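Since the structure of chain A is provided, determine the placement of chains B and P on it from the hints.
Protein chains in written order, with our numbering: chain A, 1 to 249; chain B, 250 to 498; chain P, 499 to 981.
Treat the hints with caution; some may be incorrect.
Stated by the list, open to error - Using C-beta positions, here's what the derived DEER-type ranges look like:
| hint | chain 1 | residue 1 | chain 2 | residue 2 | range |
| --- | --- | --- | --- | --- | --- |
| 1 | P | GLN890 | B | LYS402 | 23 to 29 angstroms |
| 2 | A | GLY114 | P | MET966 | 22 to 28 angstroms |
| 3 | B | GLY385 | P | ASP929 | 47 to 53 angstroms |
| 4 | P | GLY699 | B | ASN473 | 50 to 56 angstroms |
| 5 | A | SER213 | B | ASP405 | 42 to 48 angstroms |
| 6 | P | LEU563 | B | GLY265 | 48 to 54 angstroms |
| 7 | A | ALA120 | P | ASP929 | 26 to 32 angstroms |
| 8 | P | ASN899 | A | LYS66 | 38 to 44 angstroms |
| 9 | A | GLY114 | P | GLU977 | 19 to 25 angstroms |
| 10 | B | LYS402 | P | ALA880 | 44 to 50 angstroms |
| 11 | P | THR857 | A | HIS206 | 46 to 52 angstroms |
| 12 | P | THR857 | A | VAL14 | 43 to 49 angstroms |
| 13 | A | SER213 | P | ASP929 | 27 to 33 angstroms |
These are calculated hints, taken from the structure and not from any lab test.
All values reported here derive from a predicted model rather than from experimental measurement.
Ideal Cβ positions, reconstructed from N, Cα and C, are used throughout, including at glycine.
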Amino acid sequence: MTAWLEIKDLKASVDDKDILNGLNMTVNEGEVHAVMGPNGAGKSTLFNVLCGNPHYRVTGGEVLFKGKNLLDMSVDERAHEGVFLAFQLPVEIPGISMATFMKYALNAGRRAKGMKDFDAVGYMKHVKVRSKALGVTDEMLKRPVNVGFSGGEKKRMEMFQMAVLEPSLCMVDEMDSGLDVDALKVVADAINVMRAADRSFMLISHNRRFLESVGVDKVHVLVKGKVVKTGGRDLLEELTSFAAYQEAE
Amino acid sequence: MADVSKTVSAPLYSDGAESIRAEAGRTAVVVDRAPAAKCSVVVEKGASLLHYRFCGGTDAAVDAVVEEGGKYEVLTLQTAGGNVGMTVSLAGSGASCRSDAVYVLSGGEKGSFVSKVAHNADDTVSSQLIKGAVAGTAEETFEGTVLIPPGHKGIDGAQQHRALLLSPTATVMAVPRLEIYSDDVKCAHGSAVGDLDEYQLYYLQTRGIGEEEAKKVLVGAFLNEVTDGIFDETLKAEFAKRIEAALPF
Amino acid sequence: MTDIRKKISAADAVSDAYRYGFVTDIDAETAPKGLNEDIIRFISAKKGEPDWLLAFRLKAYRHWLTMTEPSWAMLSYPPIDYQDIYYYAAPKSASAPKSLDEVDPELLKTYDKLGVPLQERALLAGVAVDAVFDSVSVATTFRERLAKQGIVFCSISEAVKEHADLVKRYLGTVVPYTDNFFACLNSAVFTDGTFVYIPKGVKCPMELSTYFRINAQKSGQFERTLIVADDESYVSYLEGCTAPQRDENQLHAAIVEIVVMNGAEVKYSTVQNWYPGDKDGKGGIYNFVTKRGLCKGKNSKLSWTQVETGSAITWKYPSCVLAGDGSRGEFYSVAITNNMQQADTGTKMIHLGKDTSSTIVSKGISAGRSQNTYRGLVKMGAKAENARNYSQCDSLLIGSNCGAHTIPYMQSSNPSARIEHEATTSKISDDQLFYCQQRGLGAEEAVSLIVNGFCKDVMQKLPMEFAMEATRLVAVTLEGSVG
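Same shape as in the complex, but just chain A:
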């Protein structure tokens, strides 16, 4: 069975500093993976490289997603393939409401598949169902993208975007930095609602309770840009500290 997402020996650097040093990882369809490790291990970098952030330079390796070469595609092409990143610190875009932003994104995806743009009614329906499910109010939809949102609200809106765009590979970056318990619950609930046989999640988190509530299938530990250990759910209990995994290369 060819893996759905296959990362082979991935190397990447930023500002001439090597961050990923030959990373190997496999994710199958319908799975939830936790990505853990000390600060600076390369977790966020991995997610950004998978999305094609131009700030990061790929210096070696290969990534196959659904059998296609992901590294060859542009950022938006990868999004059309179904790659999604819920950002740790989502950027603000003044003057454009979240509702308008999602409409543009959704229609860009539809066009890439040869479909017609959503008509106004169809779009509203699509959005309403999801905003209700995630506790996103009409007022929040009208606000310019991420402007004036608290940290927790921004995370909620990232989950909302995930629900609207229906990606197949959802990467969630550092969900638990500075979040209150209720917001964490919103994220966990969103993930649980969106779990599907043709959708996978990769989560960066240190919060055991959060990871347990979403039901993790596999756990990867990253140290110095490499996966040093991969295990199942039981690995979560073993991970009391990361010191055991700091290896001198």
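Coordinates of chains B and P only, in the frame set by chain A:
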């Protein structure tokens, strides 16, 4: 000719200096109570120069060059007519300058404050706070140019100008200019002209302070925002005294 | 765009044949290139103008000869040869396209992107067929409806004959011929334009647009517009269109004068996309415009809204003279420059009366190797008690080879008047671009979304139909600016 060649914590008084140089890695404080028509300033690599000028009645221009990592902080007080100039070239990477000024004109005085800050290197920062009060039939022209030539990055330039008109026959002309040829730039400027807040005046009077004194207090408070940061108490008092003497009430 | 340039130079070659052997003959359809009193008399006679108007033109022309072209703007262009221009009815080029099939497919693609109605495309592309679309009947019924309320909406040439007293009373009072070099030139050689008069208490029921004026296509060069809004009246006027208009005449020097009486309100919206020249800046239109409104009456109001994306050179400062107590001026502008375009544009708010107020919101976007300058003047006169001004000027830079400049002049001689100005300059952050692309938007679509967000405060002031077109226009103008 004044050469500041040793680290000083107490200000060095050098009236009429035509050349000031802060040597590499050193900190110097220079006070000029009778600025020359032309004074050239050099802040060498990693040096720090605090420069205070008391201008009034004659033309006085400064031409400053700030080298790599250098810091130039200059505060100019103009209490009589005349053309005061301030040209700063941030010539080395990491150079910064803070150029503040206070002007107080009354009677029939005519003055100008013309400043130009050129960001001629990467990662340079400039900030300017200019505040003035004009009374009688006096006229002040403020022209502040921030110039960013092509090919530089990491630039941050900020400028604020605020003026109070204290009589119906006083005039202020303000021209804050931004000339920007690079895109890795964060630049903001603001300028406002008006009179004293009537509610503030009223408030002071309800506390028993007479109108004339209330105006003095408010104008003083308005202008002192610029001089508040002077570390040397004697110097700070000197500024306050001269400002008070220049005010028409 | 090379096909069009070829056509323009071919046209010039043919027209030069007319230059020699010219005789002041009223029956001639065209005048040769060049400017002198003869040509002006010819123009005036051709239009059947009354003596007072000819005198107006000649006075302006004689004064123009004593003036020098202004050079203080941040614009650089090769010297204009004023004798190398047609001042009346440039001859139709023999090689003008005879149908849409002969028009540059790139141009047609742009019309498509902008949603230009099919029947307008031929007109805009300069197809050499006269009654290209049946606008005559549409325009006449429209005017009949307006006439029932006493609203006058016609060409200046007509107004000079049918409403001479009104024109005579106001023409040149808001922008006198002495005002500036280009206004003076216009006063001497203006070809045609719009005249609007709204009677007392009448609120014009529809947006007036130049589209409905017959023979609109010829007048772009030295257009002259005069709008008079009598007490308590209202009118919203739309100028221009989003489709790129090529014009064989490169120099445009227009004047717009507006007079607003007691309690009246005029909204003037412009979407301008004159041909900007090729990627190297050759062949674009030079647009030197003087637009000014006099808020004469108490509590009168004038608002200028503009989206400027075209022209190789733009020089315009729509202004308000706030004479009437309580009057209000507004200026909302989006100016986009790409490739080698240059724009030096802004506004002047002159506060003379008490309790007057003005708001300025200017958004400048520079891309390519262009230069975009905001130049403004806010002046508080000695009698402007309690006047208020607020200005917000923001610039956005796309790419590292362009320039964005902000030069606001603030002059105050009244202590109770308040001026507040804020300006920022920034670039589209890589983070914003990456975020949009990660959500599936292509790089160019991301830029146009972010730019539209940046311009939102101005776009929402436009009448709805213009706003939708303007949004699309922003995207088309910024093509090729990323990557």
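To see whether the hints hold, each was checked on the structure:
no. : hint                                       : verdict
1   : GLN890(P) to LYS402(B): 23 to 29 angstroms : holds, 26 angstroms
2   : GLY114(A) to MET966(P): 22 to 28 angstroms : holds, 26 angstroms
3   : GLY385(B) to ASP929(P): 47 to 53 angstroms : holds, 52 angstroms
4   : GLY699(P) to ASN473(B): 50 to 56 angstroms : holds, 55 angstroms
5   : SER213(A) to ASP405(B): 42 to 48 angstroms : holds, 44 angstroms
6   : LEU563(P) to GLY265(B): 48 to 54 angstroms : holds, 52 angstroms
7   : ALA120(A) to ASP929(P): 26 to 32 angstroms : holds, 30 angstroms
8   : ASN899(P) to LYS66(A): 38 to 44 angstroms  : holds, 40 angstroms
9   : GLY114(A) to GLU977(P): 19 to 25 angstroms : holds, 23 angstroms
10  : LYS402(B) to ALA880(P): 44 to 50 angstroms : holds, 46 angstroms
11  : THR857(P) to HIS206(A): 46 to 52 angstroms : holds, 50 angstroms
12  : THR857(P) to VAL14(A): 43 to 49 angstroms  : holds, 44 angstroms
13  : SER213(A) to ASP929(P): 27 to 33 angstroms : holds, 30 angstroms
Comparing the model with each earlier hint shows no violations; every hint is respected.
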